[in-house]
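Visitor: What follows is the residue order along each chain.
2 protein chains.
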Amino acid sequence: MEDVKVLIDRVEKLIELDAVAELHEFINDSNISDIAELINEMPEHTLRFFNQLDFQRALAVFRILDINIQEELLKSLSSHQLVQLLNDMPPDDRTAMLSELPSHIVKDIIKQLNPEERKITLSLLGYPEESVGRLMTPDYIDVEPDWTVAQVLTYIRDYGKSSETIDVIYVTDEHGMLLDDIRIRDFLLVNPDSTYVKDLMDGRFISLHVNDDQNEVANVFQMNNRVALPVVDDRNVLIGIVTIDDVLWVVEEEHTEDIQKMGGTEALDEPYLEIPLLKLIKKRAGWLIVLFIGEMLTATAMAYFQDELSKALVLALFVPLIISSGGNTGSQASTLIIQAMALGEITVSDWWNVMRREILSGLILGSLLGFIGFIRVVFWNMIFHSYGLHTISIAYTVAFSLLGVVLWGTITGSMFPMILKKLGADPAVSSAPFVATMVDVTGLVIYFSVALLFLKGILL
Amino acid sequence: MEDVKVLIDRVEKLIELDAVAELHEFINDSNISDIAELINEMPEHTLRFFNQLDFQRALAVFRILDINIQEELLKSLSSHQLVQLLNDMPPDDRTAMLSELPSHIVKDIIKQLNPEERKITLSLLGYPEESVGRLMTPDYIDVEPDWTVAQVLTYIRDYGKSSETIDVIYVTDEHGMLLDDIRIRDFLLVNPDSTYVKDLMDGRFISLHVNDDQNEVANVFQMNNRVALPVVDDRNVLIGIVTIDDVLWVVEEEHTEDIQKMGGTEALDEPYLEIPLLKLIKKRAGWLIVLFIGEMLTATAMAYFQDELSKALVLALFVPLIISSGGNTGSQASTLIIQAMALGEITVSDWWNVMRREILSGLILGSLLGFIGFIRVVFWNMIFHSYGLHTISIAYTVAFSLLGVVLWGTITGSMFPMILKKLGADPAVSSAPFVATMVDVTGLVIYFSVALLFLKGILL
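Keeping their order, the protein sequence lines are chains A and B. When you line the first sequence up against the numbering used here, it's residues 371 to 830, in that order. When you line the second sequence up against the numbering used here, it's residues 371 to 830, in that order.
Hints were generated in silico from the structure; no laboratory data involved. Fair warning: this is a prediction, and the values are worked out from it, not measured in the lab. Some clues are possibly wrong.
Any copy, or any two copies together, can satisfy a pair, since identical chains are not distinguished.
[Stated by the list, open to error] Each computed DSSO-like pair below joins lysine-lysine, with the alpha-carbon atoms no more than 27 Å apart:
no.: 1; residue 1: Lys-375; residue 2: Lys-653
no.: 2; residue 1: Lys-792; residue 2: Lys-375
no.: 3; residue 1: Lys-445; residue 2: Lys-489
no.: 4; residue 1: Lys-489; residue 2: Lys-568
no.: 5; residue 1: Lys-489; residue 2: Lys-531
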């Protein structure tokens, strides 16, 4: 791929010189990803670039532009151009685009479509969001078992242009029921005149249901090594196909949502720099306030132990250290478990296996941190004489509290996402910060209880 | 996809009845993903299942098995079977498998390969880990510009069987330099006898360099809508292709690593339930200890303000609330920024744009939490008379401290990943918990400084 800077410099010079012919040639020799990059960098010249492209390439570029540039472009097109653009878009991309645009624009756009395209679009939009139905295209090639391969090849030559992919050909019966899928290579590797479609069929195919969840689909592609999968309805009638390139987009989007949820934000659904500031703040405020109200319990817990604090102020010094250790361990454990569940490595029924591992991990990690904490207290006292006579008791308090909160952190952190899952909720939703908050409050209780144990009669 | 439980029940019954013929038929009618599922659930019957499969299907199943089952299976195979299995695997999958196995096993395996396969494997393994070279397969079809399409189709019929994909055909010159890529559909849609390869060429192709980073590749596939991309060396000579199904695996793996890193663990590289417990603990301990040592600074900071604490013990009550609010805001901001950088929505050069948005977000979110905090203090005092005469001053202290730490959290959280990136480090590595720790310590300083401002002469 060429360096974008070089491209931009070159194009800027051509525009400056008003070198129309050279610009045309240059744009036509560039890859669609480079042209999209150019438009993203120089949005003021969008129409100029588009006018250089033949229609198929313009479409390809349009599909990968940022959604807000797409929107701008749609507004700037004449209604005639718009109709052509929309009618010629593959139905799956048109649906994907429409689901991201505001609904009043969608309404206007659908009005412009020709009746046939409007029917297809409305039907795709009729499937639930995030369903396979929204991802599929009805442009595929299907053939019948008693055709010869030569007939299939002629058929492809005649009807292949409008289909999204001819890498896989589908076999259906007279009622449109899906019987098999056959890769195009299989047709090319046999004698076309003496071989029938049914000779190539093995009856083994994977199909998706139109109401399946999009996020499950990536897994099916991975496991079965396909570039396209057929989509069927309840009666097993073939109604569309999903291609692997669309699945890559779904996977990336899902990834972003997961990460944002785990960081305690609602999914932004828009690029960071482009989302209006107030919307950005609104997406963040919700969880922050929930967590804040949760954390208020720490003030209540601290107030409950006010007596102990006033007798042994030294206890206050380690409060942040102890609760943050619990929080860190907890969010680490919840991240591991959420991800393992997402990958299907563990299910809710493995809870006891997970719990056992986390108890052992918590004991060892807690002992480790407790040991370091113990050393810290003793060592500081040797240098600064910070904690006076009762240093060792304080050191024990800190060490065993750490063991306690770390153990509690691993258990809560691992079990909370599994409980969410069991209850049918999405375990990724803010599990990590939520666990941290929960562990903070209980961490205080653990800390002051351990303190009572070790310092009763000494400081307390 | 069929329910796995149903499959298992059926297979168990067949095994129990020792119904060899039915088992054979059943296995041969199942999809490879279902067979892999069966083996994962009933590993003791692995060999029994494999013996039912013809070689191509056995291979397909093998490729998607868990790595530890693959290892078991390799050990249980006779050396003759092993050689056949390995020699017939596509080179990219063989390389992917070998890079996950322990090195002593890899050595044994490579010895078993026939000289030609050994050469290919060693050469693929010679490219850096995570490079495109490790992902590619040398099994592709390349043709020359002055061939007719009929010649191409005959060539495919003769040599297509061993190639990984024939969905895309590559055009090279007499020195093997890549000239173009052409989708198989373009060959099928023209008259084969009167059309030459050069008539179909448009000179626009995207190629990958053998040393490119695997993680960049997904983006190239997405943006250019390809199912396979050619790989070239420094002299632009075609040396292999990468297919989109392998890219899906890379994306999923990368996704898992990102999430684990953000949760403060090293990437596990093994399924959660299968990684040895000590290894799991080791992967987690490193960061926990680093963070713990960082958090020790909070004890130092608290000790520094011990005087203030002893005069106004009430200040201790809000320490957890205030530092956790800073931590939550900080990890939220860092998650958003890391993800936006990963998606290429923002780069380091946007830092001022980001900073401006985060300052505004921080001011508004901080005012919000500060307001709630203020209400909490005043309200509690009305009910429980908790804070005595100076309630309003304490409420102001809490409110303005919250504003301060939240603002500081958004700034640190957003800038820290960008600084890491600028320094050439991976911003995902534990940014979120690291930011939380950093914000905790400075949060204390902010809190006690604000307290001095509002409570000087009253409580302090």
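Visitor: Each of the hints needs a verdict: does it hold here or not?
Guide: Hints, verified against the model:
1. Taking identical chains as interchangeable, the C-alpha atoms of Lys-375 and Lys-653 are never at most 27 Å apart, the minima being 34 Å within one chain and 41 Å between chains.
2. In this assembly of identical chains, the alpha carbons of Lys-792 and Lys-375 lie at most 27 Å apart only when taken from different copies (19 Å versus 51 Å within one copy).
3. In this assembly of identical chains, the alpha carbons of Lys-445 and Lys-489 lie at most 27 Å apart only when taken from the same copy (23 Å versus 57 Å across copies).
4. For the identical chains of this complex, Lys-489 and Lys-568 are neighbours neither inside a copy (33 Å) nor across copies (40 Å), given an alpha-carbon limit of 27 Å.
5. For the identical chains of this complex, Lys-489 and Lys-531 are intra-copy neighbours only, at 21 Å inside a copy versus 42 Å across copies, given an alpha-carbon limit of 27 Å.
Hint check: violations occur at hints 1, 4; the rest are consistent with the structure.
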